[in-house]
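As given, the protein sequences belong to chains A and B, one line each in that order. First residue of the first sequence? That's 1 in full-length UniProt numbering, and the numbers climb one at a time after it. First residue of the second sequence? That's 1 in full-length UniProt numbering, and the numbers climb one at a time after it.
If you are wondering where the hints come from, they were derived from the structure by calculation, not from laboratory data. This structure is a prediction, so every number in the text was calculated from the model and none was measured. Glycine included, each C-beta is placed from N, C-alpha and C at the ideal position. Be aware that a few hints might be false.
Unchecked claim - Below, computed lysine to aspartate or glutamate pairings styled on EDC-like, alpha-carbon distance capped at 16 Å: (1) B:K86 to B:E76; (2) B:K14 to B:D99; (3) B:K14 to A:E16; (4) B:K14 to A:E12; (5) B:K86 to B:E147.
As the list claims (entries may be wrong) - Derived Cβ-Cβ restraints for the label pairs, each shown as a range: (6) B:D111 to A:D58: 45 to 55 Å; (7) B:G191 to A:G77: 14 to 24 Å; (8) B:A28 to A:A81: 40 to 50 Å; (9) A:D42 to B:K152: 16 to 26 Å; (10) A:L50 to B:D179: 41 to 51 Å; (11) A:G59 to B:A217: 47 to 57 Å; (12) B:G107 to A:E12: 22 to 32 Å; (13) B:D91 to A:D58: 35 to 45 Å.
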Amino acid sequence: MHEMSIAVAMVEQATEAPAAKGHEKVTAVRLRLGELAGVVADSLRFCFSLACAGTPLDGASLLIDFVPGRARCEPCGAEWATGMPPQLCCPQCEGGRTELVAGRELQITGLRHADGEPPARTAHPASVQAEES
Amino acid sequence: MCRVVDLHQAVLVKNDERAGALRTELAARGTTVVNLLSSPGSGKTALLEAELALAASRGVPVAALTADLATEHDAERLARAGVPVKQVLTDGLCHMEADMLRAQLDGWLPDGTRLLFVENVGNLVCPASYDLGESLRVVLASVTEGEDKPLKYPTAFGLAHLVVVTKDDIAEAAGFDEDAFRANVRQVNPGVEVAVTSARRGTGVGLVLERALAVAAGGAVHRPVMARNGSDGVGDSVAGGGTGVEPGGVDDAMAGGVPVRGRS
Chain A
1 MHEMSIAVAM VEQATEAPAA KGHEKVTAVR LRLGELAGVV ADSLRFCFSL ACAGTPLDGA
61 SLLIDFVPGR ARCEPCGAEW ATGMPPQLCC PQCEGGRTEL VAGRELQITG LRHADGEPPA
121 RTAHPASVQA EES
Chain B
1 MCRVVDLHQA VLVKNDERAG ALRTELAARG TTVVNLLSSP GSGKTALLEA ELALAASRGV
61 PVAALTADLA TEHDAERLAR AGVPVKQVLT DGLCHMEADM LRAQLDGWLP DGTRLLFVEN
121 VGNLVCPASY DLGESLRVVL ASVTEGEDKP LKYPTAFGLA HLVVVTKDDI AEAAGFDEDA
181 FRANVRQVNP GVEVAVTSAR RGTGVGLVLE RALAVAAGGA VHRPVMARNG SDGVGDSVAG
241 GGTGVEPGGV DDAMAGGVPV RGRS
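Sequences and hints are given; from them, build the entire structure.
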C-alpha cells in the first residue's frame, strides 16, 4: 500500500507546482503510469481520492495514461512487449544486454484548474501548454 | 473556465532527490549504504547478524538500522554483534523513505562507518519503489519461498544489485530448485549475481560482505535492466524526458474528465 504515499506526493506536487500558483482548485491530474512501475492503478485511484480531501484537489479526477512495458536488445536490435512478469532477456538471441524502452513511468504530465485566475505568465511561461478555454 | 498546465514531473522526485543528496553526503563521510529487501521471514535479520559479526571480527566499521512496523526485537538481536544498531519503527508504514533514513543518522552514525546496512520493512512490494540513498540494493529470498518469487515480485528482484538466497542449509528438505530460481532471476534482471547463503552455517556470508566492501571501495555495481529507463539510478521513476503528451493533447484528453485508461 505505498500507493497512499504516492497519492500524497501527487497532491503535494499538484499544489506546489509553480505553474499552479494563483489557482484555487485543481479539478484533474493526469498521470503516466508504466506497467512495471509497481503501482496498482485501482489502489492509487482510491488513495488519491482520500489524499485529495481537504486540499485544493478535493474531488479532482485522476486521469491515468497506461504505458506498456517495452524492451530492446542492444546487440540484435529486437524489440518486444515485456509483459508481466516482464521478460527482460531477449526472446530472439537470449542475451541479457537489454534496455527498457518504456514501462517504469510514474509521472504527472498535466493539471487542470477550474477558476478564472490564470497563473502568472512571467513565473514559468514554458510550462504553460494550453490556453484558457 | 479552466486551464490546463503541462507539468512533466516524476511523482517520486522528492524522494529521489533526498536519496541522491544522502548518497552524496554519506559518500563524503566515507559511508556506503546497503539496502536489504525481502518478504517477512526470509532471513534478513539472521543474515545481517552474521554479516555484522563477520565485519566486526575483521575490524570493518559497520552499523545497522532495522525497520519494522513495531517491536525492537530485531535491534536487540543485531546489537549482540557489538556494533552500532538502531531500530526504526514505521508506525504501520510499509516501507522506508529516504528522509526517514536521514532523520535517524545525526548523533547516532559514528564517523568512519564503512558500511551502513539498512534492513528494510519485510515487504517485497512497496520498498522497491523507494531509493534510500543506497549504493547496493540486496534482495533476499529463502529456499522455502518458491523458485518463482522473482516472477511474482518483479519490481523488487528486477531492481536488485545483488540477489541472495538464504537458508541454504534447508534447501534439500525444502526441495529448492536453484537452477529454476536463477532462471527466474535472469528473466527479470539479466546479469545480476545470485549469492547462496546460510547464516546458520556461515556459508556465503563472506561473499556478501566482500561485495558490499567492493562497492564501498568504488567498484562497479550491476546495472539492472529495469533501472535503465532513460536515466540512471535505482528508484528513478522518470521515464525518458520529453515523451509526454503533445501540446493541445492534454486539454483534449482532459476535457472529458474521465480516466483515459486504467490497469489493463
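Here's how the hints hold up against the structure:
{"no.": "1", "hint": "B:K86 to B:E76", "result": "holds (9 Å)"}
{"no.": "2", "hint": "B:K14 to B:D99", "result": "holds (10 Å)"}
{"no.": "3", "hint": "B:K14 to A:E16", "result": "holds (12 Å)"}
{"no.": "4", "hint": "B:K14 to A:E12", "result": "holds (10 Å)"}
{"no.": "5", "hint": "B:K86 to B:E147", "result": "violated (33 Å)"}
{"no.": "6", "hint": "B:D111 to A:D58: 45 to 55 Å", "result": "holds (48 Å)"}
{"no.": "7", "hint": "B:G191 to A:G77: 14 to 24 Å", "result": "holds (19 Å)"}
{"no.": "8", "hint": "B:A28 to A:A81: 40 to 50 Å", "result": "holds (43 Å)"}
{"no.": "9", "hint": "A:D42 to B:K152: 16 to 26 Å", "result": "holds (19 Å)"}
{"no.": "10", "hint": "A:L50 to B:D179: 41 to 51 Å", "result": "holds (45 Å)"}
{"no.": "11", "hint": "A:G59 to B:A217: 47 to 57 Å", "result": "holds (54 Å)"}
{"no.": "12", "hint": "B:G107 to A:E12: 22 to 32 Å", "result": "holds (28 Å)"}
{"no.": "13", "hint": "B:D91 to A:D58: 35 to 45 Å", "result": "violated (26 Å)"}
Of the numbered hints listed earlier, those contradicted by the structure are 5, 13.
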